[in-house]
Structures are given as C-alpha cells and as structure tokens.
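Work out the full structure, taking the sequences as your base and the hints as a guide.
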Amino acid sequence: MFAITVEFEVHPDYVAEFRHAVLEQARNSLAREKQCLMFEVCHSLEFDRRFFLYEIYSSTEAFDAHKETRHYAQFTEQVTPMVEKKTVHRWYPEHSATKE
248 MFAITVEFEV HPDYVAEFRH AVLEQARNSL AREKQCLMFE VCHSLEFDRR
298 FFLYEIYSST EAFDAHKETR HYAQFTEQVT PMVEKKTVHR WYPEHSATKE
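Note that the working numbering has the sequence shown beginning at 248, numbered continuously upward.
Source of the hints: derived by calculation from the structure; they are not laboratory data.
Every residue gets a Cβ at the ideal spot worked out from N, C-alpha and C, and that includes glycine.
Hints should not be assumed to be uniformly reliable.
[What the hints assert, rightly or not] Pairwise CB distance ranges (calculated): (1) H290 / H336: 16 to 22 Å; (2) E287 / E308: 17 to 23 Å; (3) M248 / R317: 35 to 41 Å; (4) P259 / M285: 28 to 34 Å; (5) V262 / E287: 15 to 21 Å; (6) D295 / E315: 29 to 35 Å; (7) T307 / H258: 27 to 33 Å; (8) P259 / A312: 30 to 36 Å; (9) P340 / R274: 20 to 26 Å; (10) Q282 / P328: 27 to 33 Å; (11) T316 / D260: 34 to 40 Å; (12) L270 / E331: 18 to 24 Å; (13) E308 / V262: 32 to 38 Å; (14) L292 / A312: 29 to 35 Å.
[What the hints assert, rightly or not] Below are the SDA-like pairs computed for lysine to any residue, each with C-alpha atoms no more than 25 Å apart in a straight line: (15) K332 / K281; (16) K333 / N275; (17) K314 / L292; (18) K314 / E293; (19) K281 / A263; (20) K332 / D311; (21) K314 / A263; (22) K314 / E254; (23) K314 / M329; (24) K314 / V253; (25) K281 / K314.
Structural data, given as structure tokens:
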C-alpha cells in the first residue's frame, strides 16, 4: 500500500468552488480507479481556506497512473488558479489497523 497526503491553502474567494471540485475529484478517483482504495477530503475547522487529502493506493505505480488520468488533469487545471499553497507528502505505511 501507498499513501499520499496533500494540503491545500486556497485563495479566500475560491473556498466553495475548490470544495466542490475536490469532492468531485475524490468521487471520480474512487469510481474510475480500481487501485485507488481511499480518498478522504478534510476541511479545517480552524482555518477555512485549508483542505487536507488522504489518499491510499495499492502501490506507487497505481498513484503514478492516477496522475495520468483525465480527471486528474482536469482537476489540476481547474484548481491551480485557486490555490495559494500545495504541499504533498508520500507515505509508506508500516502498520495498518482497522476497527471492526
């Protein structure tokens, strides 16, 4: 498994528009990419302009394939003018636990 976290800081005038676009991106990724196992969108309670994505893919290759999809390209083109700052981190889980 392979995890990606992305933090976006959005221009104040685009918060609602960005929120709509990122939620659509999450739905598209889960529906269209078999190897996208999780795509969580979080919105900060303390700072309205901050969004945090937590994505799980079956492998690094699956994430690389994600970046080649049409919906990823469309999302990136759409939101780039809305974003002040974007921080991406790649993670390799060493332990996984779920609550039944």
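Each hint tested on the structure:
Taking the beta carbon of each, H290 and H336 are about 19 Å apart, inside 16 to 22 Å as hinted. In this structure the hint that E287 and E308 lie 17 to 23 Å apart at CB holds, the actual value being about 21 Å. Checked against the given bound of 35 to 41 Å, the beta carbons of M248 and R317, roughly 25 Å apart, lie outside it. A hinted range of 28 to 34 Å holds for the C-beta pair P259 and M285, which are about 29 Å apart.
Between V262 and E287, the C-beta spacing of about 18 Å keeps the proposed range 15 to 21 Å intact. A C-beta distance of roughly 32 Å is found between D295 and E315, which places it inside the suggested range of 29 to 35 Å. Judged by the Cβ atoms, the range 27 to 33 Å given for T307 and H258 holds: they are separated by roughly 31 Å. Between P259 and A312 the beta carbon distance is about 34 Å. The supplied range of 30 to 36 Å therefore holds.
Evaluation of the 20 to 26 Å hint for P340 and R274 yields a pass: the beta carbon distance comes to about 24 Å. At about 29 Å, the CB distance of Q282 to P328 agrees with the hint of 27 to 33 Å. Between T316 and D260 the CB atoms are about 28 Å apart, so this pair departs from the stated range of 34 to 40 Å. For L270 and E331, the hinted distance range of 18 to 24 Å is satisfied, since their beta carbons lie about 20 Å from each other.
Range check, E308 to V262: about 34 Å between beta-carbon atoms, so the 32 to 38 Å window is met. The hinted window of 29 to 35 Å between L292 and A312 holds, with their beta carbons roughly 33 Å apart. Using a Cα cut-off of 25 Å, the hinted pair K332 and K281 is violated, with the two alpha carbons roughly 29 Å apart. For the proposed pair K333 and N275, the alpha carbon gap of about 20 Å is at most 25 Å, so the pair holds.
The hinted pair formed by K314 and L292 fails the criterion: a straight-line CA distance of about 29 Å is larger than 25 Å. Taking the CA atoms of K314 and E293, the gap is near 30 Å; set against the 25 Å cutoff, the hint is violated. A C-alpha spacing of about 28 Å is found between K281 and A263, which places the hinted pair above 25 Å, so the restraint is violated. Taken as a hint, the K332 and D311 pair is honoured in the structure, with Cα atoms around 22 Å apart against an allowance of 25 Å.
Restraint check for K314 and A263: satisfied, since their Cα atoms lie roughly 24 Å apart, inside the 25 Å limit. Between K314 and E254, the direct Cα distance comes to roughly 17 Å. Compliance with the 25 Å bound is thereby established for this hinted pair. Taking the CA atoms of K314 and M329, the gap is near 19 Å; set against the 25 Å cutoff, the hint holds. At most 25 Å may separate the alpha-carbon atoms for a hinted pair to count; K314 and V253 meet this at roughly 13 Å.
Restraint check for K281 and K314: the C-alpha separation of about 14 Å stays at or below 25 Å, so the hint holds.
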